Structure formats: structure tokens, C-alpha cells
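If you read the protein sequences in the order shown, they are chains A and B.
Just so you know, my numbering puts 227 at position 227 of the first sequence, and the rest follows in order with no gaps.
Just so you know, my numbering puts 130 at position 130 of the second sequence, and the rest follows in order with no gaps.
These aren't lab readings, by the way, just hints derived from the structure by calculation.
Quick caveat: nothing in here was measured; it's all calculated off a predicted structure.
Treat the hints with care, as some may be off.
[As the list claims (entries may be wrong)] Chain A regions said to be covered by chain B (calculated; three or more residues, Cβ under 8 Å): (1) 97 to 109; (2) 164 to 178; (3) 226 to 234; (4) 323 to 334.
[As the list claims (entries may be wrong)] Residues of chain A placed beyond 12 Å of chain B at every Cβ, according to the derived structure: (5) 94; (6) 144; (7) 189; (8) 208; (9) 270; (10) 276; (11) 279; (12) 281; (13) 288.
Even for Gly, the Cβ is constructed at its ideal location relative to N, Cα and C.
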Amino acid sequence: MSSKLVRKSVESRKRKNLARPGKKPGFHAVYGVLFLLVLFAVFFLHIGSPDRDYSVTEKRALEALPTLSFNSLRDGSFMEDAEEYSAEQFPGRDLLMRLRTGFSYVLGMRESNGVYRGRSGQLAERFDEPDPELFEKTAAAVKNFAARHPSSQTSFLLAPTVGAVAPELLPKDAVNADENAYIDHFFDSIRGAAAPIDVRSAFLKAKASGTALYYRTDHHWTTDGAYAAYLEASSVMNFPARSFSRAVVSDDFRGSLAAKSGFYAGAADSIAVYTDTDESLKLLLKNEETGETRASLYYGSALDSADPYELFFGGNYPMLTIESTADSDRTLLVIKDSYANSFLPFLAGSYRKITVIDPRYYSRTVDNLFVLENYDDILFLYNAGTLAKDSSLYKVLE
Amino acid sequence: MVFSSLIFLYAFLPLSMLLYFVVPEIRVKNLVLLMFSLLFYAWGEPVYIFLMLFSILVNYLLGRLMEDEPAKKKHTLVFAVFINLLTLGFFKYYGFAVSGINALFRLQLPVRELPLPIGISFYTFQALSYLIDLYRGKYRAQKNLLSFALYISMYFQLIAGPIVRYKEVERQLTERRLSAENLGKGLARFVLGLGKKVLIANVLGALFDRVSGMGGTLTTASAWLGIAAYTLQIYFDFSAYSDMAIGLGKACGFDFPENFNQPYLSKSVTEFWRRWHISLGSWFREYVYIPLGGNRVKPWRHVLNILIVWALTGLWHGADISFVLWGLYYALLLIFEKYVLKKPLPGPLKYIYTLLAVMLGWALFSAGNLTEGLRMLSSMCGFAPGGLADTEALYLLRSYGAWLLAGTVLVLPLGMKLRDRLLSKSRFALAAASLVILLLSTAFLVTENYNPFLYFRF
Numbered sequence: 001m002s003s004k005l006v007r008k009s010v011e012s013r014k015r016k017n018l019a020r021p022g023k024k025p026g027f028h029a030v031y032g033v034l035f036l037l038v039l040f041a042v043f044f045l046h047i048g049s050p051d052r053d054y055s056v057t058e059k060r061a062l063e064a065l066p067t068l069s070f071n072s073l074r075d076g077s078f079m080e081d082a083e084e085y086s087a088e089q090f091p092g093r094d095l096l097m098r099l100r101t102g103f104s105y106v107l108g109m110r111e112s113n114g115v116y117r118g119r120s121g122q123l124a125e126r127f128d129e130p131d132p133e134l135f136e137k138t139a140a141a142v143k144n145f146a147a148r149h150p151s152s153q154t155s156f157l158l159a160p161t162v163g164a165v166a167p168e169l170l171p172k173d174a175v176n177a178d179e180n181a182y183i184d185h186f187f188d189s190i191r192g193a194a195a196p197i198d199v200r201s202a203f204l205k206a207k208a209s210g211t212a213l214y215y216r217t218d219h220h221w222t223t224d225g226a227y228a229a230y231l232e233a234s235s236v237m238n239f240p241a242r243s244f245s246r247a248v249v250s251d252d253f254r255g256s257l258a259a260k261s262g263f264y265a266g267a268a269d270s271i272a273v274y275t276d277t278d279e280s281l282k283l284l285l286k287n288e289e290t291g292e293t294r295a296s297l298y299y300g301s302a303l304d305s306a307d308p309y310e311l312f313f314g315g316n317y318p319m320l321t322i323e324s325t326a327d328s329d330r331t332l333l334v335i336k337d338s339y340a341n342s343f344l345p346f347l348a349g350s351y352r353k354i355t356v357i358d359p360r361y362y363s364r365t366v367d368n369l370f371v372l373e374n375y376d377d378i379l380f381l382y383n384a385g386t387l388a389k390d391s392s393l394y395k396v397l398e
Numbered sequence: 001m002v003f004s005s006l007i008f009l010y011a012f013l014p015l016s017m018l019l020y021f022v023v024p025e026i027r028v029k030n031l032v033l034l035m036f037s038l039l040f041y042a043w044g045e046p047v048y049i050f051l052m053l054f055s056i057l058v059n060y061l062l063g064r065l066m067e068d069e070p071a072k073k074k075h076t077l078v079f080a081v082f083i084n085l086l087t088l089g090f091f092k093y094y095g096f097a098v099s100g101i102n103a104l105f106r107l108q109l110p111v112r113e114l115p116l117p118i119g120i121s122f123y124t125f126q127a128l129s130y131l132i133d134l135y136r137g138k139y140r141a142q143k144n145l146l147s148f149a150l151y152i153s154m155y156f157q158l159i160a161g162p163i164v165r166y167k168e169v170e171r172q173l174t175e176r177r178l179s180a181e182n183l184g185k186g187l188a189r190f191v192l193g194l195g196k197k198v199l200i201a202n203v204l205g206a207l208f209d210r211v212s213g214m215g216g217t218l219t220t221a222s223a224w225l226g227i228a229a230y231t232l233q234i235y236f237d238f239s240a241y242s243d244m245a246i247g248l249g250k251a252c253g254f255d256f257p258e259n260f261n262q263p264y265l266s267k268s269v270t271e272f273w274r275r276w277h278i279s280l281g282s283w284f285r286e287y288v289y290i291p292l293g294g295n296r297v298k299p300w301r302h303v304l305n306i307l308i309v310w311a312l313t314g315l316w317h318g319a320d321i322s323f324v325l326w327g328l329y330y331a332l333l334l335i336f337e338k339y340v341l342k343k344p345l346p347g348p349l350k351y352i353y354t355l356l357a358v359m360l361g362w363a364l365f366s367a368g369n370l371t372e373g374l375r376m377l378s379s380m381c382g383f384a385p386g387g388l389a390d391t392e393a394l395y396l397l398r399s400y401g402a403w404l405l406a407g408t409v410l411v412l413p414l415g416m417k418l419r420d421r422l423l424s425k426s427r428f429a430l431a432a433a434s435l436v437i438l439l440l441s442t443a444f445l446v447t448e449n450y451n452p453f454l455y456f457r458f
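Start from the sequences, fold in the hints, and give me the full structure.
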């Protein structure tokens with residue numbers, strides 16, 4: 001296509017080109033028009049596709065279309081929100097994320113969004129150097145809390161994550177702060193006030209015998225890992241270990257780390273459930289937040305949902321109580337993160353009543369619970385990755 | 001707004017191009033372009049847009065005044081330079097100047113840090129070039145406010161250059177070649193720039209950020225990796241902005257001057273600065289260096305001229321003493337090459353020397369302050385807090401090695417050949433490459449929150 005000075009007006013130029021029969025538009029002309037058409041197609045696809053409130057794979061709320069106002073324009077927050085909105089509601093976002101991590105992986109990148117993709121497809125969250133100030137606050141809060149409740153026996157199960165137990169599964173030379181040193185340091189700091197439940201040597205033994213202690217696509221321990229920890233806890237907390245039967249309930253579980261990182265390669269995980277062999281044991285789970293009660297700790301319907309890990313207790317809630325027909329008059333207070341969700345079913349048959357507090361969602365003071373009743377045992381259960389970054393625990397213990 | 005954003009790519013760009021090509025006449029097209037340019041700027045600077053509009057109006061009126069009152073031409077120019085530098089100085093250097101005065105005279109004047117209006121250094125320099133060349137009688141004053149506003153604010157080069165001089169686009173403001181052919185060629189140039197920025201510069205930028213964030217664990221090996229990454233990042237970022245600006249300009253019928261010409265293949269530092277950010281170098285040459293007498297003066301005066309120009313060039317890049325020192329560092333190198341070295345070093349030595357000099361410069365430049373810059377430099381010289389090397393450096397090399405390699409290959413003549421082939425000969429390769437770049441860039445922009453704008457201090 002010949003180019004003319006614009007002064008001669010676009011119309012006349014068009015007529016001239018049309019008047020020349022057989023003159024085909026050049027490659028770049030076609031290219032340019034097609035390029036713009038592609039951009040427009042994406043534009044309309046974005047506008048036309050319905051907005052999602054929640055990302056199923058990433059497990060988080062997504063940005064909604066921002067509202068226009070004088071203030072949001074002046075301080076630029078409208079523009080920032082609009083940029084975020086355009087990215088989070090982008091058509092095919094999940095696929096694009098996988099494309100990006102896949103492309104980068106092929107080029108040698110073993111890390112995405114703070115998640116390592118290690119050997120044999122193991123995903124692991126990076127363990128960053130813990131904040132010393134937060135460490136002191138948390139350790140002191142736990143110690144003081146235990147000292148305030150001398151009639152209860154306090155234990156702390158600080159679970160290692162996969163990087164501490166199986167560092168050989170991380171990418172070669174991956175940079176991780178020393179999680180084992182962190183766990184040692186924490187146990188040393190609370191010793192005397194709370195009994196440490198250190199599962200690491202048990203885990204190393206179980207690992208050597210071929211037990212998969214951690215999911216490959218999720219940051220949690222497997223139910224088998226939780227069971228190994230349960231055996232260790234029973235000896236520290238002085239209750240007899242009960243017997244269970246194991247069954248696999250799902251074998252296509254893709255967990256939080258796959259979602260967070262976009263690393264999808266490799267096989268899915270399976271989820272196992274342990275059932276107490278004492279069939280006469282009856283349970284009553286009460287969600288103190290929603291008021292819902294039920295006779296099981298499991299939400300089977302969650303297996304088909306976006307987050308199959310919600311199989312255990314239906315997710316994380318501020319406060320739960322588990323009452324059982326267990327042949328025991330002991331009560332237990334558990335202060336925990338989500339590692340406890342697959343662990344607590346083991347305890348249900350050993351306690352008359354278990355109260356479960358998740359400080360990340362609990363906004364009151366735990367001490368107030370002792371006004372109503374006393375607990376024979378107190379168990380803190382956290383994984384090192386969460387505790388090292390958690391600023392909610394010391395707050396609810398104040 | 002920046003080019004490497006989803007809103008620009010999938011809303012602003014197609015809508016502005018559509019409207020621009022649909023409306024009939026050049027004046028209306030100019031109006032469309034101006035409106036979109038103001039929107040583009042206001043998107044990132046909703047308040048400072050008024051500063052830019054003020055600057056446009058004042059410089060337009062000063063231009064008219066200069067022409068209408070030829071007797072007072074000189075006074076008008078002095079006033080114009082003064083008012084432009086005052087505005088630039090107030091918004092960019094006020095905090096720096098006050099803390100400098102405080103340090104010098106041991107005072108405690110309150111330091112007020114204003115957020116720097118994006119692109120102010122670029123558009124102020126464009127306005128100055130317009131007025132100075134008008135004073136020199138190179139052209140008549142622009143009587144059409146719309147055309148003048150468009151010259152200053154055209155969104156292509158508004159926030160990251162090139163610095164277009166008025167004489168380069170004077171005619172194009174009213175007469176320019178518009179064709180679907182140019183649209184395609186311009187967009188092709190744009191998409192290659194987009195790939196450079198999003199797929200290479202941003203990734204290497206993440207490596208540099210990680211290295212510069214290392215405290216006690218920084219090793220000499222990591223420091224070199226980080227600075228190598230930065231060396232490639234700033235080239236692929238900055239030249240990509242120019243590619244995108246020139247490409248978009250071409251799509252709309254403008255011919256902007258080239259801003260980068262394979263700078264890392266220079267045989268001397270002098271040559272490097274003729275190939276790096278060409279429009280800035282020639283601006284300082286034309287409006288500062290030559291008026292000072294250039295090299296047609298006694299050697300001591302020539303040396304002084306070089307020192308002045310490079311202190312100012314350094315300062316232009318950011319209001320901090322480290323940028324001034326970075327400029328003076330180049331002044332010394334240029335003086336060394338002119339008076340001591342005289343001709344390029346033999347063999348491959350000349351390339352190694354130039355690249356090394358430039359990388360050490362970036363170590364100071366990238367830190368943004370003297371303490372950090374010196375820490376990085378001493379780490380590179382073997383005095384790193386973490387020792388010579390550790391496994392982290394190995395890990396980073398494995399993670400980013402492909403990008404470092406790709407970046408290095410692309411700055412070599414091979415990369416240039418590839419680009420030229422794509423842009424002119426291999427049609428289907430261009431179409432395929434464009435689609436792949438667009439898809440991958442989108443994937444990176446959708447999920448990667450690391451998308452820095454390096455020129456916020458310019």
C-alpha cells in the first residue's frame with residue numbers, strides 16, 4: 001500500500017487505493033490491522049466475561065470493578081484498583097499463570113511466588129529468616145500464658161515443614177533459612193513452661209520407611225504425617241494411643257502450593273482419612289461461629305470443591321468444640337493453625353471435650369475461656385512456616 | 001500509565017488507535033491524540049497533570065512573545081530558561097538542595113520531599129529545546145496551541161523519552177504519512193519492545209533486586225551477578241521504552257529519532273555515550289556543551305566544560321549526590337580517553353574496558369545513594385560481607401542463567417540482526433513472534449506484580 005501525505009485527506013487516499021484494482025494490501029498493513037483486532041478481541045472478552053468474586057484455584061478474593069469518585073481519582077486509587085482489577089479478572093488468568101511458571105521452569109526457574117518446585121515435583125514454601133522481635137513476643141506470650149494456667153498441662157507441637165524434614169527434595173542450592181534451628185530455638189525458649197512435642201526424629205524414621213509425610217502440592221502434612229505426630233504427642237501428653245483404620249478418600253488433590261505458585265506439573269496427591277476402630281465412639285462437632293452442629297468431623301462434600309483440604313472440619317473457624325462419648329473425663333484446649341485440622345480427629349477419642357481456637361480468626365482473649373471452665377490439657381499446634389510469620393497468636397494470649 | 005500494563009495494552013492502545021484512524025482530518029486526529037495523551041498522563045499523575053498543562057501554556061505563550069517582540073527576545077529566553085529550571089528544580093531538587101545546604105552549613109531547615117512528577121525532566125527538556133531553537137531562529141513559533149500541547153505531551157515519549165526536539169517533528173505535527181503499512185511496522189516495533197521490557201528486563205530486575213536486598217549474605221559472586229543483571233535490565237528496559245515510543249509514533253505517522261544504538265558494543269566510553277540515550281546526550285551537547293565552548297577552547301576550559309556537562313547529566317538522572325558522582329565518574333573517563341588514551345585500546349581489550357567501566361558505573365547508579373553504591377562496588381571488588389561466593393550465587397545463576405544468556409546474545413550483533421530480520425524480511429516469523437511475545441507478556445503481566453518503572457527519579 002502506498003503512503004501519502006495526510007494533507008491530501010484520508011478519503012482521497014482511500015479512493016485512490018480502491019481505484020487501483022488488483023493492488024493487494026502489504027503484509028504489514030494486514031499485520032497491523034490484525035494486531036489491533038487481537039487486542040480488541042481480548043478487550044471485549046474481558047468486558048464480556050463475568051467477574052469472579054473469588055479465585056477457586058488461588059483461594060482468595062479477587063478485586064471487583066472499582067467505583068469512580070472524585071477522591072479515588074484524585075489520589076489515584078481508582079487507577080490502581082483498575083489495574084489490579086484488569087489483572088485479577090483477566091480472561092484465562094489461571095491458564096496464563098501456568099503458562100508463565102511453565103515457561104520459566106523450562107528456563108531453569110525453580111521458584112514462583114515464594115514456592116519452590118523441588119525434585120520429583122515436591123512443592124515447598126520458602127522458609128524466610130524469622131523476625132526476631134516477633135519470635136520473642138510469641139515465645140513470651142506462650143510462656144506467660146502457660147504460667148497463668150498452672151492447673152493445666154501445656155504442650156507445644158511445633159511441626160516442621162517439608163523443607164526441614166526432607167531438604168533433599170528442595171531444588172538444588174535453594175535458599176532457605178534454617179528451619180530446624182528455628183524450631184530448636186523456639187523449644188528452648190518455652191521449655192519449663194510448656195512441654196515441647198518434637199516430632200522430627202519420628203518423622204525422619206517414618207520418612208526412611210517410605211511414608212509420605214507431606215503432600216507434594218500442598219503446604220500441609222498428610223494424614224499419615226499427622227498420625228506419626230499423634231503417636232509422638234500421646235507419649236508427651238500422657239494418653240494411650242488409640243487404633244485406627246486408614247482409607248484413601250481422594251486421589252486427585254491439588255493443593256494450595258500448586259495454586260499459589262502455578263506449578264502444576266506432576267501427579268496429584270491423595271488424601272487419607274483415619275477412622276477410630278471403636279465404632280461405639282460418638283462425636284458432636286459444634287462450630288461456635290455458625291452455631292452448626294454435626295456428628296462427624298469430616299465434610300465429604302469438600303472433596304469435590306475448590307479446596308479438598310476442607311474435608312477436615314470444613315475449613316478454619318475461630319472456635320470449634322468437639323464433644324465425644326470417650327471413656328475419659330479430661331478436657332483439652334487446642335490453639336492451632338490448619339496443620340491441626342487433620343490431626344484433631346486422632347484426639348477426639350481421648351478427650352471428653354476439645355475446644356479448638358484458631359487465633360488467626362479469633363478476635364477475643366483466650367484467657368476469658370477459663371472463666372467458664374478449666375482445661376486439663378492445653379495444646380499448641382503450629383507448623384514452623386506459619387508460626388514464624390504469625391502475628392495473631394501473641395495477640396489472643398495477651 | 002505505562003506501556004507494560006494490561007489496561008494500556010488491551011484498552012488504551014486499541015481504543016486510541018481506532019479513534020485516531022477513524023476521525024477524518026489531521027487536526028481532529030491531533031485532538032484525539034492530545035486527549036489520549038492527557039488521559040495517559042493523568043492516569044498516573046492525576047494532580048500533576050495541571051503542572052504539565054501549566055508548563056504547556058507558559059511555554060506556548062513565551063514562544064509567541066519571543067516572536068512578537070523580537071527586540072526583547074533575549075530577555076524572554078532568559079526568563080523562559082529561568083522559569084523552566086525553577087519548576088524542575090522545585091519539584092525535583094528542592095529536597096536534595098535543602099538537605100545539601102543543611103549538611104554544608106549545619107542547619108536544620110525542614111526538608112519537604114515532594115513526590116516527583118513523572119516525566120517532568122523529559123517534557124521540560126523538550127520545552128527548553130523548543131524555546132532555545134526558536135531564539136536561534138531555526139523555525140517560527142508554533143501558533144496553534146493544540147499542536148504545541150501535542151508536541152509536549154504526546155504520550156509515546158512523554159514519560160521515558162526519547163527527548164524529541166521540536167525541529168525534528170515540527171512539520172509532522174501538521175503533515176505526516178499515515179498508512180496501514182506504517183501502522184503495522186510501528187506495532188511490530190512496539191511488540192518487540194514490549195517483549196524486551198516484560199520478558200527480559202523485568203525478570204532480570206527481580207534478580208538485581210534480590211541481590212541488592214542481600215544484607216550480610218552478599219557475596220562477590222552475587223554482586224557481579226546482580227550488576228550483570230542490572231546492566232542488561234536497564235538496557236532492555238530503557239531501550240524497550242524507546243522502541244515502544246518510536247513504534248507507536250510510527251504507527252501514528254511520526255518519525256522519532258533513535259535513542260539507542262547497540263551501546264554495549266562500544267569501543268570506548270566516549271562511544272558508549274554516543275550510543276546510549278542518544279537524545280539526552282545530544283540535548284546536553286547542543287544546549288550546554290557547545291554554548292560553553294565545547295572543545296574549541298583551551299584544554300583546561302575543555303576539561304571544565306566536560307565536568308560541568310557531566311555533573312549536570314548525572315544530576316538529571318536523579319536528585320542525589322550519587323548521581324552527580326556517577327556523572328563525574330564519566331567525565332573523568334571521557335577526559336582520560338581524550339587526553340591520555342587518545343585512541344581505543346587494542347583488540348578485544350577495548351570492549352572489555354568499556355563494558356567494565358559501564359558496569360561499575362551502574363553499580364553506583366543502581367543503588368540510588370552513596371552508601372549502598374559503595375557497598376556494592378566494594379563487594380564487587382572482593383570485599384563482600386558474605387565472602388567470595390556461596391551456593392546462593394550458584395542457585396541464582398541456575399535460576400536466571402537463561403535470561404542472562406538470552407540478554408547477552410540479544411545485545412550482540414546477532415540480536416540486532418534478528419530484530420532487523422523480524423522487522424523487515426521474515427514475515428511469518430514476525431507474525432509468530434508477535435503472537436508468542438504478546439501471549440507470554442500477558443501471562444507475565446497478569447500474575448507478576450514485579451513491573452518496575454525505573455525512571456521515576458529522572
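We went through each hint and held it up to the structure:
no.: 1; hint: 97 to 109; result: holds (count 8)
no.: 2; hint: 164 to 178; result: holds (count 5)
no.: 3; hint: 226 to 234; result: violated (count 0)
no.: 4; hint: 323 to 334; result: violated (count 0)
no.: 5; hint: 94; result: 9 Å, violated
no.: 6; hint: 144; result: 32 Å, holds
no.: 7; hint: 189; result: 23 Å, holds
no.: 8; hint: 208; result: 25 Å, holds
no.: 9; hint: 270; result: 28 Å, holds
no.: 10; hint: 276; result: 43 Å, holds
no.: 11; hint: 279; result: 49 Å, holds
no.: 12; hint: 281; result: 47 Å, holds
no.: 13; hint: 288; result: 37 Å, holds
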